[in-house]
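Trainee: Residue strings, one per chain:
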Amino acid sequence: MNVYLGADVGSVSTNMALVDGLGNVLETLYMRTQGQPVQTVQEALKNMAGSLPVTAKVEGVGTTGSGRMLASVLVGADAVKNEITAHAVAALHLVPEVHTVLEIGGQDSKIIILRDGIVTDFAMNTVCAAGTGAFLDQQAARLNIPIEEFGEHALQSSTPVRIAGRCAVFAESDMIHKQQTGHSIPDIINGLCEALVRNYLNNVARGKDVGAPIVFQGGVAANTGIRRAFERALGTEVVVPRHHGVMGAIGAALLAREETVRTGRTFFRGFSAGDLRYRPRSFECQGCENLCEVVEINIEGDVAARWGDRCGKWNIDFKEKLKNSCLI
Amino acid sequence: MPLRIGIPRALLAYYYLPLWEEFFVQLGAEVIISPKTNKELLDGGVELAVDETCLPVKVFMGHVDYLKSRADVLFIPRIVSVEPQKYTCPKLLGLPDMVKSNIANLPVIWGDTVNLSAKRRDLLPVVYRIGRRISPNVVRITQAFWRACRQLRKYECLLRRGNSVEEAYNRLRHRECAPWFWTGLLSPGPAARSNGPSAQVSRPAGSGAPPITVAVVGHAYNIHDTYLSLDIISCLRKMGVNVLTPEMMRRDDITRAVSHLPKQLFWTFCQRIMGTACHYLNNCQQAVDGIINIAAFGCGPDSLVGEMLAKETRRRGQMPFMLLTIDEHTGEAGLLTRIEAFIDMIRWRRQRNACDLSPYGGLGSNI
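Chains as they are written, first to last, in the numbering used here: chain D, 1 to 328; chain B, 1 to 367.
None of these hints come from the bench; they were simulated from the model. Heads up, some of the hints might be wrong.
[To be verified] DEER-style ranges, computed between Cβ atoms:
(1) D:K323 x B:Y227: 27 to 35 angstroms
(2) B:T255 x D:C311: 47 to 55 angstroms
(3) D:D275 x B:L336: 17 to 25 angstroms
(4) B:A118 x D:T126: 34 to 42 angstroms
(5) D:F283 x B:K263: 49 to 57 angstroms
(6) D:K321 x B:W110: 16 to 24 angstroms
We put the CB at the ideal spot given by N, CA and C, even for glycine.
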């Protein structure tokens, strides 16, 4: 059986998904990146190897997310795609008639508008990460509530409490103020969910043609409080797909499938890549005044890839390198 | 020893540098131009400028700071207006004052006022006033100015042929433009022949499909500053995308394109941005596949024009449009993600129109 692996290396979580040749999702994995993308990707690879069906053979790998470059070198990816395209592809695959994709991840939030199965418009949060997963995590920790139960608490709210959601820092002081004046925790959490949705709709989704069917994905989609706040604000049902947390990884796997079907080869290093010794390092190039920060990945003491320079003099593409070594 | 005149390679230098340089060189002065913006110049400028100014003004301060110890005179004209009934941005109007109040130990500053809002000929007295500071010979000044104007026309001609500012300037310096320039005068350029794009850009040979063309609209000093814009033009060209900018447009196309607006924009350069976008929205939906608007963080006119553009695009429906705001903290990753996604969106749409059966329009391949 041919399977395709997708990896979404984000700021907060690293997700992997295994998709078969027909596009069925076989296996998914959600891990916290915890600031160590290399170790986390390796760990995730090992876990995936364990849950791989016996007959399965990985025919292609795709990476996405902010760590897509790094991950692509680690696993040997065939498709390296931005997260907007990956999320759109996954949403279309699972909900073919989708019109609007709301995606809220660890530090990113985006909106993707689709018409007749193609992306027609999109937007990403620019300077502010208020209302993304990282902030909710922080607030859950402060209130001593496990993040998994955060949404449930919001649903128990009976009285609306208005929290200022314009900025994460002010939202926090507002929440503390509301706590001190004696509002109940569920009401405050519900107020926070509504504030974040308001902020999202006014900033990221401003001027966008939000229409049903609406799919809500990304890690924050697990939060039922936010989902309900979206439904209330938009006045329509919001669909949260079963694999909402790993949609980026599913999209990457689907894109890898398409790429390898086209090229007929894969650069996948195999699951043993989980045991290789990777040593990333970075240095400041002194070649000109730009002082580019160049990143270099060593695998078993050998330079595998380099990027980050503007002029391209340090650049090493791991695919070119693999191709050349195959020729020798 | 000739007089050393420093010209910061920032703001309006992106439009007029060949004119100024040629004028001073012809008069026998030595012209010192600051290098392309780099990290050091940007950081220096951010430190010197007041917080509320826009990004390109901050960069300008960095360039001035670089030049202040290397030149005897800094040429920082107060350009109020470059054409009748139109003005430049308020921050350009106050530029010499901002420089004087923010930077210490400055050499002499030539902050002559250029105001052509009444009539274009108002430029001449300014030219002679500046020229006389270097040479008393009126004939020589006239000749220098005439040669400088010719240089500017060549430069603008090169830009209209699809060169970026840097390419056009380098070609001009290496006198690569002469035959082109003259053929350009004799036969109408590519812009005049078709209603299509005013310029053609060489592109890497790819598949048989016509290349994607994107209009990148914004101020030249943002788009063509390879450091500030993270070299968006090369970035797009590397993806096999044909890039058009307002500098590559013919002026009458721009004027015609904005004639439907109920009120004309009174900022020259914003009108060019608006006109370029509207030109492609109005007549040539086929000529470009999408419009990217680059705005500098803190730029007042840009924020208005960006909003107007978004509205115009929405009103006409189909054209993919994206606003990118750049500031001194802009990370390459975020910008690249958006550009990639934008180009993906265009590819996808094209493949769908061509009834390609591949499910995601061949997006699997990397760009």
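Trainee: Each hint: holds or not?
Mentor: Against the structure, the hints:
Between D:K323 and B:Y227 the beta carbon distance is about 33 angstroms. The supplied range of 27 to 35 angstroms therefore holds. Between B:T255 and D:C311 the beta carbons are some 39 angstroms apart, a value that contradicts the proposed interval 47 to 55 angstroms. At about 31 angstroms, the CB distance of D:D275 to B:L336 disagrees with the hint of 17 to 25 angstroms. A hinted range of 34 to 42 angstroms holds for the C-beta pair B:A118 and D:T126, which are about 41 angstroms apart.
A beta carbon spacing of about 54 angstroms between D:F283 and B:K263 agrees with the range 49 to 57 angstroms that was offered as a hint. Between D:K321 and B:W110 the CB atoms are about 54 angstroms apart, so this pair departs from the stated range of 16 to 24 angstroms.
When each numbered hint is compared with the structure, violations occur for hints 2, 3 and 6.
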